[in-house]
Amino acid sequence: LEYNNIQRLSPRSFYGLSNLRYLSLKRAFTKQTVSLASHPNVDDFSFQWLKYLEYLNMDDNNLMGIKCNTFTGLVSLKYLSLSKTFTSLQTLTNETFVSLAHSPLLTLNLTKNHISKIASGTFSWLGQLRILDLGLNEIEQELTGREWKGLRNIFEIYLSYNRYLQLTSNSFALVPSLQRLMLRRVALKNVDISPSPFRPLRNLTILDLSNNNIANINEDLLEGLENLEILDFQHNNLARLWKRANPGGPVNFLKGLSRLHILNLESNGLDEIPV
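For the sequence shown, the positions run 634 to 908 when the numbering used here is used.
Hints may be right or wrong, so weigh each one.
Each pair of labels, with its calculated beta carbon distance range [as the list claims (entries may be wrong)]:
hint: 1; residue 1: I863; residue 2: K822; range: 22 to 30 Å
hint: 2; residue 1: N823; residue 2: Y685; range: 22 to 30 Å
hint: 3; residue 1: N652; residue 2: N727; range: 29 to 37 Å
Straight line, CA to CA, 20 Å or less: simulated SDA-like cross-link-like pairs of lysine to any residue [to be verified]:
hint: 4; residue 1: K664; residue 2: E635
hint: 5; residue 1: K745; residue 2: D693
hint: 6; residue 1: K782; residue 2: N803
hint: 7; residue 1: K700; residue 2: N727
hint: 8; residue 1: K750; residue 2: K711
hint: 9; residue 1: K876; residue 2: P833
hint: 10; residue 1: K664; residue 2: L722
To be clear, the hints were calculated from the coordinates, so they are not data collected in a lab.
Heads up, the beta-carbon is just placed ideally off N, CA and C, and yes, glycines get one too.
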């Protein structure tokens with residue numbers, strides 16, 4: 634149903650299509666924006682008949698937001714893409730995804746929705762989720778860690794290209810299963826706190842901290858990340874940290890990373906490498 638001008642989905646729109654596995658509604662809705670009344674609408678229970686649906690794409694639309702029963706009935710859904718789908722999804726709350734509570738969702742794409750805040754317990758309904766993409770939004774907040782409550786099986790969180798993220802020692806304490814964490818160009822703050830925000834992530838294999846103008850870090854920043862294989866740290870300001878003249882001496886933040894095989898330190902102004 635891609636590239637159409639649908640004005641409304643109702644509870645009977647997909648009646649009789651219970652065997653459907655794949656549905657794409659990319660750019661399927663009208664693009665009128667003259668008034669709120671002209672926005673296309675997805676009624677509660679519109680997908681209730683699609684009990685075998687595994688893939689749903691609703692990218693590039695002009696919907697208002699997610700209602701409490703928007704996705705109710707999608708009891709087989711594994712992949713949901715909502716990139717550039719909503720006009721009023723600035724704040725994610727612990728009720729935003731309640732209609733997915735009975736869905737075995739593995740991948741959720743929320744890019745390009747102007748999201749600015751993630752509340753505590755937002756994803757608590759999504760216990761089987763493996764990949765969460767929140768990139769290219771406008772998130773600006775302190776990450777307390779409670780945002781990820783309930784994501785007990787999470788494999789990858791993509792947060793790159795947001796406005797401002799301030800870390801705490803507990804920012805990722807509730808997601809020890811995490812293996813990939815992307816934090817590129819998010820104006821990252823408090824990276825130098827102790828204990829390190831990344832300390833709970835013993836399973837982490839890929840970490841992207843690039844393009845954040847990071848100048849201060851501690852020696853224990855990556856302590857315990859024995860499984861880390863790829864570290865992107867380019868386009869920061871780490872030059873002072875490896876100088877012999879640095880107060881306290883060079884900061885050896887790469888120690889113990891025995892499995893690291895890709896390290897990017899491009900454009901950091903480095904002119905000394907400590908022995």
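With 29 to 37 Å as the target window, see if N652 and N727 comply at their CB atoms. holds, 33 Å
Take a quick look at whether K664 and L722 sit within 20 Å of each other, Cα to Cα. holds, 17 Å
Range agreement (Cβ of Y685 with Cβ of N823, hint 22 to 30 Å): violated, 45 Å
Would you mind confirming whether the straight-line C-alpha gap from K750 to K711 stays at or under 20 Å? Not OK: K750 and K711 at ~25 Å, beyond 20 Å, violated.
K745 paired with D693 [C-alpha distance capped at 20 Å]: OK: K745 and D693 at ~9 Å, within 20 Å.
Take the C-alpha atoms of K664 and E635, compute the straight-line distance between them, and say whether it is at most 20 Å. Roughly 13 Å between the alpha carbons, so the hint for K664 and E635 holds.
Given the hint that K876 pairs with P833, does the C-alpha gap stay at or below 20 Å? violated, 29 Å
20 Å limit on alpha-carbon distance, applied to hinted pair K782 and N803: Holds: K782 and N803 sit about 12 Å apart, inside 20 Å.
Taking only the CA atoms, is the gap from K700 to N727 under or equal to 20 Å? It holds: about 12 Å lies between the C-alpha atoms, which stays within 20 Å.
Please check whether I863 and K822 have a Cβ separation lying inside 22 to 30 Å. holds, 23 Å
In summary, the numbered hints that this structure violates are 2, 8 and 9.
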